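One-letter residues, chain by chain:
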Amino acid sequence: MLRKLVAAVSIAVLSAFAAGSAFAAPGGIGPPGPDTPSGEAISRLYWVVLGLCAVVFVLVETALILFIIRFRRRRDTPESAEGPQIHGNTRLEIIWTAIPALLLAALAIFTFTQIPAVQAQGIEDEQHLTIRVEAHQFYWEYRYPAGEVTVNILYLPVDEPVELELTGMDVIHSWWVPALTGKMDAIPGRINSLRFVPETTGDFEGKCAELCGIQHAFMPTTVTVLDRGEFESTLASQQEEPALGKATWEGACATCHGLSGEGDVGPSIAGNGTLSNEEGLKTLLENGQNTPQFDYYMPPVGRGWPPEQLAALMAYIKSSKTLSTAPPTTTTGGGG
Amino acid sequence: MATRTEAMAPTWKEGSVTSWLTTVDHKRIGVLYLVTSFIFFGAAGVMAMLMRIQLSHANSGFLTKGAYNEVVTMHGTAMVFLFVVPVLAGFGNYLVPLMIGARDMAFPRLNAASYWLFLLGGLVLLSSFLADQGGAQCGWTSYTPCSSEEFSPGHGQDLWILGIHLTGVSSIMGAINFIVTIHNMRAPGMTWMRIPLFTWAIEAYAVLLVLVLPTIAAAATLLLLDRQAGTTFFAPEDGGPILWQHMFWFFGHPEVYIMVLPAMGIISEVIPVFSRKPIFGYKAVAFSTIGIAFASMLVWAHHMFTVGMPSYLQAFFAATSLAVAVPTSVKIFNWLATLWRGHLIFRAPLMFALGFIGLFTMGGLTGIMLAVFPFDYQAHDSYFVVAHMHYVLFGGTVFGVFAGVYYWFPKITGRMYHERLAQTHFWLLFLGFNLAFLPQHLLGLMGMQRRIYTYTQGGIFEWYNVLSSIGALLMGVAMLVFLWNAVTSWRTGRRVGPDPWGADTLEWYATSPPAPNNFDRVPYVTSARPLRDLRLRLQERET
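Line by line, the protein sequences are chains S and D.
Heads up: the first sequence at position 294 corresponds to 294 in the numbering used here, and the numbers run straight through without jumps.
Heads up: the second sequence at position 482 corresponds to 482 in the numbering used here, and the numbers run straight through without jumps.
If you are wondering where the hints come from, they were derived from the structure by calculation, not from laboratory data.
Since we're looking at a predicted model, the values are computed, not measured.
A hint or two may mislead.
Here are the simulated SDA-like pairs of lysine to any residue, each with C-alpha atoms no more than 25 Å apart in a straight line [claimed, not checked]:
id : chain 1 : residue 1 : chain 2 : residue 2
1  : D       : K283      : S       : T90
2  : S       : K318      : S       : S237
3  : D       : K283      : S       : R91
4  : S       : K282      : D       : P153
5  : D       : K283      : S       : A98
6  : S       : K282      : D       : K283
7  : D       : K283      : S       : L103
8  : D       : K283      : S       : S237
9  : D       : K283      : S       : T97
10 : D       : K283      : S       : W96
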């Protein structure tokens with residue numbers, strides 16, 4: 001009785017899942033998107049391999065359940081009664097070795113045919129936009145061909161091939177915008193390339209997929225795909241000192257120190273002297289802080305910044321009253 | 001012989017505690033391994049609960065960010081190094097000499113040393129939590145440069161390295177012991193095609209451990225030197241981060257099979273006995289074990305599809321990863337064929353074994369999906385992988401381990417477990433497990449990345465997480481049922497004779513629990529089922 005009840009409950013729960021996933025959009029039954037040709041190729045492969053695996057799954061589980069029902073010991077059979085002593089069958093072994101091998105070989109060949117589409121091969125020969133992605137603890141710095149910089153938001157023109165050159169500035173990160181295409185690791189000492197063609201305008205949310213430290217969960221990025229004209233004007237406006245300074249503060253500093261420097265996993269830094277000391281701030285941002293004499297560890301968040309970015313950050317701090325003067329009630333925290 | 005050792009044993013060795021501290025008996029060491037690893041299992045399981053409480057709703061503040069990363073790291077490391085590998089060593093220690101008709105392992109003192117090193121390693125690993133700047137925080141894979149001195153200051157990571165070293169040395173010593181024992185100490189007549197399939201699995205487990213553990217030991221040593229002696233083996237400018245990943249996964253992937261092959265061996269023992277049939281295709285099952293072990297050493301870089309490898313290498317590792325599915329499916333088909341036309345006796349060991357087949361099939365199939373590397377670009381480092389890996393390691397290995405615990409419980413303790421509690425344990429665990437991990441596939445495809453301490457999405461994303469957390473707590477309840485059953489049955493369960501199941505292999509020829517010398521005499525072995533042969537001969541004599 002108990003057994004039947006539990007079985008019924010499990011079946012109900014499983015069907016609720018199936019129904020829930022079918023009605024929720026997308027609900028996780030397939031990869032999100034796709035909004036690029038490479039994302040489409042991944043989705044195509046996903047549905048093929050999912051279909052194949054689903055068929056095998058149903059066959060094996062059905063056989064298992066049928067055998068459980070059909071071959072359970074009957075009440076009139078004593079426990080010691082033996083079943084037929086069948087030791088094997090060579091022909092069957094050959095058949096059920098060969099069939100999976102052939103199916104898997106076919107799957108492998110189909111996978112290989114999709115590689116050029118998935119990796120958007122060929123676009124490096126066309127005219128394309130190359131953007132350098134520098135991953136830091138805990139933000140993304142995007143460097144555009146003419147020297148523009150944006151933090152955490154990547155602006156792209158629609159329908160134009162793009163090649164991201166990813167690298168890590170401290171530890172390994174992984175750039176993942178699920179609706180656009182698969183992820184690619186950003187590894188220090190190495191440049192990885194990720195190519196795709198965004199085909200729809202709009203905002204696409206992304207994240208860091210490789211455990212990179214204490215704020216791994218909060219390393220979001222947004223890809224904003226715009227028409228060519230809008231792309232150029234927005235990118236230009238983001239280079240103005242107040243915009244760049246604000247973006248840098250919010251992306252690089254506020255994740256750990258709080259939006260107004262009140263402190264979070266990092267100490268409170270509002271009004272800290274280092275913020276207005278150009279040389280001191282530069283050294284701290286480039287090297288981080290990792291000595292036992294301070295309570296707090298700080299990553300080298302400003303490694304590789306162009307000089308105008310540091311200037312913009314300092315201007316932003318100066319312009320903000322809360323950051324440049326110490327709050328009267330709280331004491332300033334440890335180092336930096 | 002027996003009287004002489006008694007006379008020679010100093011009196012301080014006779015106390016009930018000291019006799020366990022100084023034992024070199026493979027059965028006692030096996031019990032020590034089993035009990036100790038189950039305690040670590042409890043600790044790592046509590047960590048899993050903490051994570052699931054933290055993730056049960058969006059923006060939760062139950063654990064701090066640093067604490068979450070420490071727990072995520074230690075849950076994975078402890079489950080692998082302190083539970084799964086040693087619990088299988090425990091079964092191997094207890095059973096291999098009995099199964100092959102030997103009186104002990106080849107090197108009893110080495111055996112004791114490997115247990116005590118495992119215990120020490122476990123304590124050192126867990127002490128990482130007490131380190132000045134927190135425990136190791138870079139996941140059980142401890143990728144560099146996250147785990148370097150620059151980004152992981154303090155001694156938490158160093159203690160992790162030391163713990164890996166100690167448990168690794170322990171496993172290598174144990175593995176050598178298994179290999180020597182299986183090769184040299186089999187009963188008369190027990191040829192390679194007559195040894196129990198569990199012993200075959202332990203042979204493959206031991207050979208793989210000897211082949212791959214030195215790689216992680218080397219990698220951990222180099223990391224320790226980088227951290228403490230200022231060397232630059234894993235310096236980013238020389239490709240160090242990728243080197244670490246290759247070294248880690250060259251060990252780490254075979255490790256998956258090290259953890260699953262002996263569980264498959266347990267299944268191959270349990271299914272025939274509870275179907276009242278011989279295993280279908282003994283040779284196919286034995287050779288597929290070797291096939292999986294061999295292929296498992298050629299697939300490691302499928303954990304690295306997103307590090308920017310050339311396409312031809314990705315294609316190679318995808319092809320080898322798909323190839324592993326062939327011997328694996330051969331095993332599943334042979335188990336199903338063993339059930340066919342059997343008289344299935346639904347006791348807890350069989351139920352866990354059937355659970356293994358059902359759940360492992362799911363984990364194996366999602367493994368095929370992940371081997372299709374363009375899909376892996378999406379699923380890698382997402383909860384899809386977390387779900388896949390738990391279907392293999394929990395739905396597979398842990399269900400296999402429980403099948404083994406219930407199957408051999410009467411042999412080890414001389415008492416029968418409580419059947420009803422055991423079946424309650426099964427159903428709670430089966431339900432809780434699927435509730436916990438089925439939604440994680442969907443979460444992964446919705447973009448939930450691994451090892452995040454919180455998320456901000458609500459709606460169905462949060463609901464999947466709620467279900468997953470409920471499932472995890474249900475699994476915790478199931479474990480309490482198991483604990484209660486194990487403790488009370490060990491103390492007051494019904495006493496049983498040598499062979500309560502009508503089994504096939506030699507461990508059931510010894511008394512329950514076996515005498516210190518295992519057997520006074522061992523029958524000449526003429527097939528892979530010596531005990532059944534003996535039963536038939538006795539029946540013949542009676543009629």
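Original post:
Would the pair D:K283 and S:R91 pass a check requiring their Cα atoms to be no farther apart than 25 Å?
Top reply: holds (13 Å)
**OP:** Starting from S:K282, check that the Cα of D:K283 is at most 25 Å away, please.
**Re:** With Cα atoms ~68 Å apart, S:K282 and D:K283 exceed 25 Å; violated.
**OP:** Take the C-alpha atoms of D:K283 and S:T90, compute the straight-line distance between them, and say whether it is at most 25 Å.
**Re:** The hint holds at about 10 Å.
Subject >> Proposed proximity, S:L103 with D:K283 (alpha carbon, max 25 Å) >> reply: holds (24 Å)
**OP:** Verify the proposed pairing of D:K283 with S:A98, using a straight-line Cα cut of 25 Å.
**Re:** Cα-Cα ~17 Å, so holds.
Original post:
Are the Cα atoms of S:K282 and D:P153 separated by 25 Å or less?
Top reply: Between S:K282 and D:P153 the Cα gap is close to 22 Å, so the pair holds against 25 Å.
Original post:
Taking 25 Å as the top limit, are the C-alpha atoms of D:K283 and S:T97 close enough?
Top reply: Roughly 13 Å between the alpha carbons, so the hint for D:K283 and S:T97 holds.
Original post:
Does the alpha-carbon distance linking D:K283 and S:S237 stay inside the 25 Å limit?
Top reply: violated (72 Å)
**OP:** Sort out whether S:W96 lies within 25 Å of D:K283, counting only the CA atoms.
**Re:** holds (14 Å)
**OP:** Take a quick look at whether S:K318 and S:S237 sit within 25 Å of each other, Cα to Cα.
**Re:** Cα-Cα ~21 Å, so holds.
Of the numbered hints stated above, those contradicted by the structure are hints 6, 8, listed in ascending order.
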